[in-house]
Structure formats: C-alpha cells, structure tokens
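Under this note's numbering, the first residue of the sequence shown is numbered 165, with each subsequent residue one higher.
In short, the hints are calculated from the structure, not lab data.
Restraint ranges, calculated between C-beta atoms of paired labels, are given here: (1) Pro-237 - Gly-200: 35 to 41 Å; (2) Asp-227 - Gln-182: 16 to 22 Å; (3) Pro-237 - Arg-201: 33 to 39 Å; (4) Pro-237 - Glu-191: 16 to 22 Å.
C-beta: ideal position from N, C-alpha, C; glycine also.
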Amino acid sequence: MIDQEAAIAIATDIAREQGWAMLEPIEALLRRDWLGRPKRWEIRTNIRARGGPMARFVVDAADGHIIDKGYIPL
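Can you build the whole structure from these sequences, using the hints too?
As structure tokens, this is what we get:
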C-alpha cells in the first residue's frame, strides 16, 4: 500500500505533466472498501479557496495508478 505522501507525489507528478497548478492546501483522504481495507486516495487541491484552479485525483492505494483525474482552471 502507498502512503499519503506517495499518493500526493504521484498526483503532483501528473499535474506537472498536464501543466496543471497544484495549489495548497491539499487534502488527501484514504477511502476504504466494505471490509475496511484501503482502497483509494482522493486528493483535492486548493480546497479552501473560492475560485482559482482546482485539481482532483483518485489514486489506487494498492499500486498507485491514477483511477481518475480532473482540473478546473478558474
């Protein structure tokens, strides 16, 4: 399983590749399956700001691959 720092690093690398802003504060939540096992990390950027660019990533907690990603360039 990858930890929170690794999940954020993966998301940061993807954001850099896409040319997306990765603004603080960053929130990373570990979601678990029905049996309580770690399933995925949900990462959001710029969480307390109104307006401004925001990125969202879903990273598999087992192997670190990107399940979903999105960006709002406000």
